[in-house]
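Number of protein chains: 2
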Amino acid sequence: MTNTDFYGIYKAMCEKALEAYPFSGAPETSVKAMRYSLLAGGKRLRGVLALGGCVCAGGRAEDALPASCAVEMVHAYSLIHDDLPAMDNDTLRRGKPTNHVVFGEAQAILAGDGLLTEAFVSLSSIPDPSLAAACVCCLAEASGSAGMVGGQVMDMEKPSDAGAEWLREMERRKTGCLIRAAVELGMICAGADTDMVRRGREYGTHLGAAFQAVDDILDVTGDEKSMGKSLGKDRDENKLTAVTLFGLDEAVDMARRETALAVEALRGLGHEADFLRQTAEKMLKRVN
Amino acid sequence: MTNTDFYGIYKAMCEKALEAYPFSGAPETSVKAMRYSLLAGGKRLRGVLALGGCVCAGGRAEDALPASCAVEMVHAYSLIHDDLPAMDNDTLRRGKPTNHVVFGEAQAILAGDGLLTEAFVSLSSIPDPSLAAACVCCLAEASGSAGMVGGQVMDMEKPSDAGAEWLREMERRKTGCLIRAAVELGMICAGADTDMVRRGREYGTHLGAAFQAVDDILDVTGDEKSMGKSLGKDRDENKLTAVTLFGLDEAVDMARRETALAVEALRGLGHEADFLRQTAEKMLKRVN
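Chains as they are written, first to last, in my numbering: chain A, 81 to 368; chain U, 81 to 368.
Simulated from the structure, these hints should not be mistaken for lab results.
A couple of the hints might just be wrong.
Below, a list of computed lysine-lysine pairs in the PhoX-like style, where the Cα atoms sit at most 25 Å apart [what the hints assert, rightly or not]:
#, chain 1, residue 1, chain 2, residue 2
1, A, LYS112, A, LYS176
2, U, LYS319, U, LYS123
3, A, LYS176, A, LYS238
4, A, LYS238, U, LYS112
5, U, LYS305, U, LYS123
6, U, LYS238, A, LYS112
Produce the complete structure using the sequences and hints provided.
Printed below as a string of C-alpha cells:
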C-alpha cells in the first residue's frame with residue numbers, strides 16, 4: 081500500500097488524452113459541441129477504472145488510454161442524450177448549461193451520436209487487433225440495448241408497479257454496465273486471462289451497484305455545494321431509488337455490502353490490485 | 081454476365097439476417113422500436129453492397145453478413161435521428177409513421193442509439209479479429225463526425241452563402257461515406273488486399289455521389305407512388321441540391337459521369353466485379 085494518489089494520476093492521464101483527442105475530419109461545430117461535454121470535468125471514474133484495471137492485470141496504464149477515452153466518450157454521450165428535453169429535460173449539469181441549451185437540440189443529438197461513434201474509432205487505435213476486437217465487443221454490449229441504453233429505455237417507461245427487482249435491473253443496466261465494462265476494458269488491454277477478466281467483471285458489477293447506492297444516499301445527505309447540483313430531487317420527483325424504496329439505513333448497508341463484495345472479488349491478488357481496492361473504498365466515502 | 085438477379089438474392093440475404101437478428105438482452109420496448117425502423121423495407125443498397133463487395137474481392141457473400149447488418153443498422157439509426165422533431169421533423173417515411181410518432185421522442189432517440197451501438201456488436205461477431213477490427217475502424221470513421229454525422233451537422237447549420245463546394249462536401253459525408261464504407265466493409269470481410277480495397281473505396285465514393293444526384297433528380301422527375309413519399313420538397317423548401325443549384329440537365333450529366341467513374345474504378349477486374357458494375361448502372365436507372 082502506498083500513499084501515492086494514483087487516482088489523481090490516472091485521472092490526469094485520462095483528462096490529458098481526452099483534451100488532446102484529435103477528432104480528425106470533424107466539422108468545427110461538431111468538435112466544439114463534443115468537447116463542450118467531454119471536457120466538462122467530473123470524477124472520470126470510468127476512464128480511471130480502465131487504466132487501473134489494466135495495471136491490475138499486469139499492463140501499463142498507458143496501454144489502456146484508447147479504452148479510457150472510449151468509455152468516457154460513451155459516458156459523455158449518454159449524459160447529453162439523457163439531458164435532452166424529450167428525456168430528463170435538464171438544463172444544468174455540473175453547474176454548466178447542458179449541451180442542448182448551448183448548441184440546440186439538433187446539434188446536441190448529433191454531438192451524442194458523434195461521441196458514441198468516436199468511442200469505437202478510439203478503440204480501433206489499439207495496436208493489437210485481437211485486443212481491439214475484444215474491447216469493441218465488451219464496450220458495445222455494455223453500452224447498447226442490452227446494457228446502458230436498455231437501462232434508459234426502462235427508466236423512460238417505468239411501470240406503475242415498479243419495485244425492488246425492476247430498480248435493481250434498471251440500475252444494473254443504466255449505471256452498472258458501463259462501470260463494469262471500464263474495468264474489463266482495462267484488463268483486456270493488458271492481455272488479461274479469463275480468470276482475471278472474470279474477477280474484473282465481478283469487481284466492476286459490485287462497484288457499480290455500490291456507486292449507484294451512494295448516489296442515491298448523497299441525494300439525501302449530500303451538500304449541494306460539493307455535489308454541484310440541487311439535491312432532494314429524488315424525493316420531490318417521487319423517484320424510485322434505494323433510499324426512497326428501502327430507507328436511508330438500508331441503502332447505506334447496501335452500499336457497504338456491495339463495496340465489500342467488490343473488494344472480495346479481488347481476493348488472492350497482490351499489490352497490483354490495491355488501486356482497485358482503494359478506489360472501491362474511496363467511492364463509498366465520496367461526498368460528490 | 082448473367083441474368084441471375086443477384087441484387088434480389090443479396091437483398092433477401094440481408095433482409096433475412098436483419099429479421100433474425102437476436103438483439104440479445106434488450107428490453108422488449110427497445111427491440112420493438114429498433115425492429116420497427118430496421119425492418120421497414122427500402123432498397124437495402126448498403127447491405128447489398130457489403131455482400132457484393134465481399135464477392136467482388138473473392139469472398140463468399142455469407143462472410144459479409146455481420147457487416148451487411150451493421151451498415152443497415154447505422155443507416156436505420158441515422159434515419160430515425162434525422163426524422164426527429166429537432167432535426168427534419170418528418171412524420172412519414174416509406175409510407176409509415178416515423179419512429180418518434182409511434183414510440184415517442186425519447187424511445188426514438190434511444191432506438192437510434194441502440195441500433196448504432198448494435199452495429200458494433202454485429203461487427204464483433206466476425207470470427208477473424210483482424211478483419212473485425214478493420215471493419216470497426218472503417219464503419220466508425222465513415223459514420224461518425226468525420227463522416228455521416230458530420231454531414232448532418234453541416235446540413236443543420238447550412239450557411240447562407242452555401243454553394244457547390246459546401247454541397248459536395250456535405251453530401252459526400254452525409255450519404256457518400258456510408259455507401260463507400262459498405263463496399264469497403266464487404267471487401268475487408270473477404271480479406272481483400274490494399275489495391276482491391278482502394279478500388280472499392282473509389283467505386284463506392286463515385287457510386288455515392290451518383291446515388292445522391294439521382295435522389296435529387298427523382299425529387300423533380302419521380303413518381304410519388306413508386307417513390308412512396310411526397311416530391312418537389314427540395315424546391316418548395318428551397319433546399320440546396322444538384323438540381324436546384326445546377327439545373328436538371330447538369331444533375332443528370334453528373335449522375336452519369338459519377339456512375340462511369342464508379343465502373344471505371346473496377347477496370348481490369350474480371351466477372352467477379354460484374355455485380356458492382358451492374359449495381360452502379362441499376363442505381364442510375366432507378367425510379368425509387
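Legend entry - Earlier hints that do not hold, by number: Of the numbered hints, just 3 does not hold.
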